[in-house]
Structures are given as C-alpha cells and as structure tokens.
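Chemist: Now for the letters of each chain:
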Amino acid sequence: MKKILLIVAVLMGISSYAQLTKDFVKDNYIKIDTTITMRDGVKLYTMIYAPKDVSEKYPFLMERTPYAAGPYGDKNYPNRIGPDTNLLKEKYIFVYQDVRGRYMSEGINLEVTPHIVDKKSKKDVDESSDTYDTVDWLLKNIKNNNGRVGLYGISYPGFYATACLPGAHPAIKAVSPQAPVTDEFMGDDVNHNGAFFLMDNFEFMNYFGKQRTGPVQDYESEVFKLNPKDMYSFFLKLGPVKNTQSEKYFNHQSNIWDEYIQHDSYDDYWKARNIRPHLKNIIIPTLVVGGWFDAEDLFGALNTYSSIEALNKQNNNRLVMGPWTHGAWAGGDWSRFATQEFGSNTSNYFQDSLQTVFFNFYLKDKGQSKIAEATVFETGSNQWKKYDSWPPKNVIPTAYYFNANNKLSLQKGNGADEYISDPARPVPYTNGIWGRRNNEYMAEDQRFAAIRPDVLVYETDILSDDITLSGKIMADLQVSISGTDADFIVKLIDVLPDNEPNIKNPPKGFQMAGYQRLVRAEVMRGKFRNSFEKPEAFEPNKISNVQLSLNDVAHTFKKGHKIMIQVQSSWFPLVDRNPQKFMRIPDANESDFQKATIKIYHDAVNASSIVLPVLNK
Amino acid sequence: MQKFLPAFLLCLFSFSSYAQNSDSAWFVNNYTKLENYITMRDGIKLFTSFYIPKDNAEKHPFLLTRTPYSCAPYGEGKFGAIWNSYRMAYAKENYIFVTQDVRGRYMSEGEFVDVRPFNKNKKTNKDIDEASDTYDAIDWMVKNIPGNNSNVGVIGTSYPGFYSTEAALSGHPALKAVSPQAPVTDWFMGDDFHHKGAFFTLDGFSFYAVFGKPHPVPTKDYGKGFTTPVKDNYKFFLQTGAVKNLAAMIGDSIKFWHEMYEHPNYDEWWKVRNARVGLYNIKPAMLWVGGLFDAEDCWGAWNSYKAAEFQSPQSNSKIVMGPWYHGQWSREGSFLGNLRFESNTADYYQKNIEIPFFNYYLKNKGNVDAIAEANIFFTGENNWRKLSKWPAENVEYKVLFMNANHMLSFAKPTQQLSFDEYVSDPSHPVPYTEDVHNHRTREYMTDDQRFASRRTDVITLEMDELKEDITVAGPVIADLVAGISATDADFVVKLIDVFPDDFEYASNITGNGKEYPMGGYQMLVRGEIMRGKFRNSFEKPEAFIPNKPTHVKFELPDVAHTFKKGHRIMIQIQSSWFPLADRNPQKFLDIYKATDNDFQKASIKIYHDTVNQTKFILPVIK
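These protein sequence lines are chains A and B, in that order.
Numbering of the first sequence is given in our numbering, commencing with residue 1 and proceeding in unit increments.
Numbering of the second sequence is given in our numbering, commencing with residue 1 and proceeding in unit increments.
Next up, chain A with everything else stripped away, as it sits in the complex:
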C-alpha cells in the first residue's frame, strides 16, 4: 500500500506533468483548508482546490486518504492535484481529506474500516457515512458546484473510494476505485489465501502503524529503525513471526500489527474488513482499475469489479486492467516493464482515453461514454482488448496435467514428484540480493528457481499456435506431506524460445533466450485448503487435495513459446515461512520449524493440474 506514495512521487513531474508550469495549480485554483464535522462530532481535515475561473459550475473530484492530504495550510500548493493532468486542466473542484484518525483528522482510525450495514445512531460511523457527511457539507458550503461528486483513489484510497458506494450520497455520480484494498486475508496486501505477506507488511506497518495521540501533520519517526541491505537474510535471521514483536521491532506499539498477528484465520475481524458483500445494488457509474503486475492489490481490483457485477445486474460498472505495477497508471511513461515492451504508452492511454472520459461524462455531461465493459491489456501479444464482459464469454477452462519428466500436457500422466521443503532454506521469491521488495518480481525470470531441487517444474511442448488466457486460473493439486501443514506456491510461466533475440542494451551476460517470465503466481496456506475459517491439519503422507485460485490473467503464449508451471512450498521473504507443523503460525517458535517432504501426485487417479482460461478465438 505504501508503494503508491513513492511511485507517484517519483513519476510526478516526468511525463505529462512536465507540460504544466510549476505554479499551474496556484495560478488556476484557490485553496481552502478546513475541517468538516461528521455526524458524531468528529472533525475531518479537508483541503479544497476550487478553480479561479467561475464562468461555469464544477463537479467535485475527491480523494480520501490515510497518507496525508497535505501539503497543509492554504498558502501551500502542490505541483499537481487530481488523478491526472487532463482533469486538472478540465477544471474540477478537487478535494482531499484525511480519513478519520489519520494525520490532521480527529477520531480513531480502524484498519480497513468495517462497513456498518444497519446504522442505528449517529455514533455508528464508517467510511460511507463519513463520505456522505463530507459530500453533504461540500455541496452546501462550496460555491459554484454543479451538484455532482466523483471519488477516486489508488490502493488504500482505492478502498475509501469503494467504501462510499454502499449507502452513497445521491450526489455521488462517479467512482473509480483503483487497486482498491478489498480483502486483506484473501488476496490483498496482508495475506494471500491466508499466507502472511511478511516483508511488505513489516516495512509498511513500521510507517503506517505508528500511533498518535491526536492530529498531526507528520508522524515523524517510524516505529523502529530498519535499514536491511538483504531482506532474505534479515527475515531469516529474524526468525518466527512472533519475533517481530520483540523489543527491537514492533513490541506491541502498533495496534494493527497486533491485530495481524492475532488474526491468523478468516475470522470475524477479517470478514468485517471485506467490503465485497456490501457492494449490493450499486448503480453509480464505477470504473475499477488494476494492474497485472500489482503486488499489492491486484486481487482487490479484480474482485471489486466482479462483486459489483455479481450483486447487481443493473450496474454501470467497468473494468480497466493494464500491464501496471501498483499505481503505475497514474504516473508517466509506461511503455515497458521488466524486459517487456508494450508498444505504446499504456498509462497515457488510460489517463486520456478512459479516466478523463469517465469523469467528464458522468460529472460534466461532456463527451460520450464509449468505455467498454472491460478494457484489458493482453500481455504476450501486447495489445489492448475490449470485451463486453470479464472474463470474456468464450473462455474454455482447460486442464493441463502435470506429467512425469517435467511435462505439462492435456493428458493425464503417471507417477509423482517430491521435494524437501526446508524452512531454514526457503525458496527466494526473487533472484539476487535486495534491500527492498523487487518491484519486478511478478514478471521476473524464474530460471533462478527452476534450478533449485525444491521447485518442481512442468512445461508443455513448444506451442504450435498462440494460446490466449483470459480470466481466473485454478490449480488443483493432489499432495501428500510428511508434516501437518505446508504452503503451496503455484507459478504460471511463459518460457521464451531458445532463439529469442536479446533485449536492447542487455546487462552483461543477460539472455532473453529461454527466459522464464512469470505471468501469475499465488500462494495457498495448506491448512486452509478446506476452509479459511477452520484450518485443518494434514494427515502426514496421506493424499490430500489442495485447490487454489490464481488471480486473472490476460496473456498470450505465443507460438514457439512453452507454458510452464512451477510448484514450491516457500516464497521468501515475501511470505512468512510455514513451520510445516499445524499450529497458529504467529505462536510458532524457531524449534517448531521443520523440514518436510512434499509429494505432488500426477497419476490417472490422483491427477494434479492447472486449469487455464483458454480464450476460444
């Protein structure tokens, strides 16, 4: 979640923003710094930038954020405001608000504020009511508005955009949740299928988890000092997750970290933080945006979209998925990423042809809404595709079976493969030595993993035709383990031909030939295989079925390439290590971690497979 701050900060001022004069905002907008009182008396700090030009009335475009609405003070203007420069030039009344309990706002901040369905009193507040009260105040107090409000936000602010939808103020006419935090147990930020994303959260909560006693412009220091040069070594030395609460680190100084450590299954805490069931009957126009290489909230974008679709057929809901990392669509040039050339500037396309069009149409009645139901960038073939549903209708789920001799085939095979998963030597999620998360890991060459003895590899023959996948992927594993719990990581990989030309200006020795490009990967904490609420131990060495879904892809495996699957039982330090012993992992001691033999079956009776969404062209 934190990343977005960095990305936007870095990309700002490059690309299209460069065409703005430095004082564009100051020259064209008037700033109002104020607080707005919520129904329970709590005051939220709000900054309003209204166009100086009063020849027409303007809609509001608001971002609600836990990351500081600053710069604070009505004399301080940022270089840019709003989601993109087109909209800035279009003129909107831009509003930034510190959410409840963060920075300059009063009140208490709750992690992914639970939605209250049945509000009984003015004390029952949530993000929906806070947005409602804010909108109400804005309409009444800010001159020259046209009575319409739009909301947007990326990452955590994406959640706040989504959260205004149930029980929305009638003036809210357009909402764009972008990489919205949606379900932090199932697939966003904190956990994926119940497996804890240790590295990201440890770093993020060191900043975000800092407590305050009242409104502040700056949280100043972090909870503890941290400057690791080698994340893998750092977390391995740190040991079990419980050690994060040692005196040197969180030491119970972050409520949210305490909550993460406390809630290690899909209990009421996490369910209350899943906004999806509340996205009923949403008819407000929505534009849900996500990135295929978003390490934080890819799940959130896909599932916010699909929930709105599922819970009301009369929705006015659209999806945009591009080849982006977390928030890259909001930045400058995005024509290439991790050795892939997209052939066009995909972030410009989004800003110019989708985001601006969306808000202008629904908030200003300007232009036409020609945005497709789903606008999806297909990697591999590197082109934008438009569909009238997502996933597209003509998709055939196709099982590819694991076979002996590292083969992946449409036919079932025989035999089994095994490896030893050793928590003292977990499989790295990335190659090399990193002092932070490698932002390219979701598209990284997996050859570093394929050569390990604790990673299983299955690949098809060389493809004689293109194969396009569009939609969700299911992995269906028949496993037995010598311990009582284990993690399963399944990776879908595009193997480039051995004669693939090298990239321009490759680093010394770099070989694109035979590159194993990660297309999608997901982890499943084995004990949740039957229920995320009630984890179950494995019976050692007995065959069990472990199914997991991998987030959607839109990818073409080109003729001459191969489809590869890798299976492994750790993904470190992205994900904390499973002690391979059935227990509450946050309670595990170093001595609980044990080696386990993991066997993956692929015979006719116990067939393991990956079910791919093959687009029938």
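Calculated directly from the structure, the hints in this document are not laboratory data.
Each hint can be trusted.
The calculated BS3-like cross-link candidates involving lysine-lysine, where the alpha carbons are at most 30 Å apart (straight line), are:
hint: 1; chain 1: B; residue 1: 564; chain 2: A; residue 2: 237
hint: 2; chain 1: B; residue 1: 224; chain 2: A; residue 2: 504
hint: 3; chain 1: B; residue 1: 235; chain 2: A; residue 2: 599
hint: 4; chain 1: A; residue 1: 237; chain 2: B; residue 2: 615
hint: 5; chain 1: B; residue 1: 235; chain 2: A; residue 2: 504
hint: 6; chain 1: A; residue 1: 229; chain 2: B; residue 2: 564
hint: 7; chain 1: A; residue 1: 43; chain 2: A; residue 2: 122
hint: 8; chain 1: B; residue 1: 548; chain 2: A; residue 2: 599
hint: 9; chain 1: B; residue 1: 565; chain 2: A; residue 2: 225
hint: 10; chain 1: A; residue 1: 229; chain 2: B; residue 2: 514
hint: 11; chain 1: B; residue 1: 244; chain 2: A; residue 2: 562
hint: 12; chain 1: B; residue 1: 601; chain 2: A; residue 2: 407
hint: 13; chain 1: A; residue 1: 229; chain 2: B; residue 2: 467
hint: 14; chain 1: B; residue 1: 601; chain 2: A; residue 2: 595
hint: 15; chain 1: A; residue 1: 562; chain 2: B; residue 2: 235
hint: 16; chain 1: A; residue 1: 562; chain 2: B; residue 2: 601
hint: 17; chain 1: A; residue 1: 581; chain 2: B; residue 2: 601
hint: 18; chain 1: B; residue 1: 605; chain 2: A; residue 2: 581
Some residues of chain B that are not near chain A, with every Cβ distance over 10 Å (derived):
hint: 19; residue: 370
hint: 20; residue: 389
hint: 21; residue: 588
Cβ atoms here follow ideal geometry from the backbone N, Cα and C, with glycine treated the same way.
Dock chain B against the given chain A, drawing on the hints supplied.
Modeler: What follows is chain B alone, placed relative to chain A:
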C-alpha cells in the same frame, strides 16, 4: 583457457592506418617488423614475427612469447598494437619483441601436441619438445637478428605460460629470464580442464571445439567453433546430459577431446603432461606470476613455483600473486567483480616487479632489490606483502572443526553421532554462479555466495564474528567425513569471507561501477572440487561403500587473504558446481562412459561428532 590474448593482440592494427595516437605513431616510426621461418633441428619450420627497434645506439635484448594462439597480425606491414598495453614500456626500452607460432599451430609447420610432454633424454634430432624448439629459436635469433645483446627473456600467459615454463628448460645460455604467467601446468590436477579429476566441461567445451581443430597445413584461421543452440549454459549442459553426449556433438575431429575421454584417471598419459616434471636444474631467473582469482590457471602458478623451489632449489625463482582474474595483471587492476582493491594492483606489478625484472636480467639496468621471494597481494586487508618464503614462514596450520548448528570453531565437536545431510540431485545441480550466462564468468571466483547458501543442497558453516584479523597464507585442507548413499560423489568446499551487515566501500574507491549490496556479502575466497572416487588415489579410483563414514581429504589452491575483525569465516560444502564441473552420476564408473540413465540422486551426510570429525586446516599467519 579462455584464449587469453594480451591487449595488444586484441587490437589488430593495420600499418596503413596508423598514427591514431602518439604512442602508435612513435612505435611505428621506431620499429620495423620482420616475419621469418626458423628451422628447428628436425627440419620443421616455425613461423616467427619480430618487432625490431630502429635504434642502433646500443644492443637490445629479446622478449619472446611462444604461442598456440597465433602471432597475428600476419604481414610485415601489419603491426600488433603493442602501444595499447603496458608492453609499450618495453618498447621505450628498445626491446626486440618476438612472437612465435608453436609447432603445429597457425603458420608453423609440424604436428601440434597439447601440453607436449618434456623429454629430458633427447637423443637425436628427431627428439624434439617445446624446450628444444625454444632452444633452436633462441639460437637462431641471437645469431641472425642484428643489434641484439645476446640476452633473451621469455614471457607468456596461460598456454603461452606453459611454453614459458618449457622455455626455461631449454638450457640455452642466452636465456636469462623467464616469466611464466598463469602457466598451464597440470590439466588433471588443477588447471583449466580438470580439478582433482573433475572435468571442467564449461571451459573445456567452449575452448576445444575450436582450439582442437585439426591443422593439416599451416593456416592463419581455424574458423569458427561450435555454437551451442542454447545460450543459457546451465540449461545447455543440463539438457545435453552425460559428457559423452558432448563428445558426440563436436564429432571426431577434436583429437585431444577424445584423448581426454580415454584417460579418466591420473595415468601415465596425464603424468607426462604435468609441466612440473621437467622443473629441475633451472638456469634463468624465474618470475612466476598468477592471479589469486584466476579461474583457469591459479593452481598452475602456485604449484609450478612450488615445484621449482622444491626440485630446483638453487634456482633464482620468485613468485607474484595478485588479486586477479586470468591475465588481469596486464589490464585494470583496481577491482574484480564486486571486490575493490584500493589501488591499481596491475600497475603496481608492471612498474615495480615485471619491468624491473626484465630490465635487470636482460639489460643489466636498475636492480631487483624490491622483488621479494614472494610478492603476494592479500585481499581483505588489500595489501602487498613481501615474504621471504611461500607459504609464509610464520604460518601455523590451525584446525577449524565443523560443529552442530552449522557452526565452525576451533573447538572439537562434542556430540555423539552427529551429521548434516543434503540430497544431491544431478537433475538440479548447484550452480557455480548466480544468474543466467552464456559464457563462464571470470568473476565467479569472488562472487557473493548467498545464492548458494539459500539452497537446500548446500551446507553452510559459519564462525562467530571475528574479534581480531585472521590472515591465511598458503593451502587450505578440507578433511571431510562423508557418508553417501551411493558409490561416488563430488565434494566442493568453498572458503568464504562474510562481510559485516553494514559493510560498504567508500565511494572514492575504484570499483566496477555497479551498485551491489556489500553488506553481508559472502565473498568466495577459494573454492575447489574433489571427485570423491579419487580420495585415496588419483591413479586408482575407489568406490564408496554406501552410507559408511569415509574420509575425503583434499587440498584447495593456496589463498592469501585477511579475514578482518568483524567479518566471519564461512565454509560451504556441496556436491556439484555446475556447469563449471561436469556432474558426478553418483555411481562409481568411468564418467566419460556414463549414460544419462546412470545419473541418480544421492543423500550426502557430513559428520561432525567425536568420532567422525570434519575439519578444515587453515594456514594462519601468527
């Protein structure tokens, strides 16, 4: 050998387009080039090229290099760009440069024999070897090239290092000084193509596919080598499988490749190809030069020097070892891979050691007082040490024991029956370096070993943080007690310096220009492989008795390194080093004849208890 070519040969220079810079103009104006065949005692003619100074104010010495890599550029109008290398310093001293194609290579006649055995009992003019060819060449030179001072020096790096060693055995009285540099010395024990009997496929295959081509008549060009269809060499060698499949790929024309396959053990064929056998009664002054991190012939430099000292104690033999890759002493010497040396060590060597050495012995100029018996650069402390002997006089051999919990310590283990175990799987061999490569990297010998410590098939042992510096100077002995589930296995032992977590080089120290996280760096100081079946004898391999604790003791090439206070000493043990070394099928057999089906997983136990002690002997300077 990755065909080490001196810088001046890398840049061929046409006479017609000279004068690109003042040095080239100077050289072309002050030297003439002569090409000539010199007839050997058996009538065979060797192609020789001379760069002769125009200066005739005094007589000049020769500096001769004999090479299998060609004395190109051919043609008296074409100059090798000597001015692009430090050899320009010799040109300013008016040396006569001589390069000769060795017998059977390029433009020379005769039959080429790889690392041709030294014949100490030559009886007739038909009994030739590289020493006699050198003798005959020198004899002709001093008699026929005008203006020479009858002093000859020989210099050469890598394979030409071997020819330098052999030159020293020629016994020609005009030969006054020889500098074998990274000399190929023993291709079974430690140089280029085998280390302790393990086959270095990666180097060997890329080299021999072109080097080993037949030479029916003199030629200027051997043509192209074998292009591997897969550029990822780990993948290529893995999918190629058993080494006999490699031989099939390049056909039958590469004679030496097939001869090697016929000699899997250290038999007579190999023993006569050990250049040390001739190192008796050496007459000229010798300067042995090598790189501590030379992936090809580090072993040869150390061990030729040692053999010369032992077998020819009266000789004037000195050694220089710097922190270098193969031939780096003629290039930039401030860094290697991620390591930085805080000074240009190559420049130091050229100016203070090599040039004074030849000037003194060939021109009677200056002195050699500053050249010690052993001139060794110690990494870690980044310092040249001048030693009166190698290994250093005040070395104490200290024993480090493997202990439980992956600890290394000077204390003996106290547990009953204790071991660490891994599964060595020939279908997932441990890579010798990180990332994907087409060619063998020259940096691997100082690489960060963190990629290896993260694998389940590598045992990593670590000492506590050092409270004071420990300097090692000499060979390291690994003495493992291993139990393997099969009948053969390889053992790779790596000595590693673990840098402190907050380690950084100061920004003003010259490095390779890349940012690399040096905190926690696991610097390979020395790695070596031992093919287990040779543990008792390189001549007669022996199968292991499965699961029986067995001693595997072997020597790693000498090291010169200071583990600084705050660092840690680490040892890694693994059973493959791929594709640097071929895979052991883990089945006792002639590996050159193994088929893909012979390769099997093996469980490897390394013991560390009161009875079976695995230990490492370090040469620590007191």
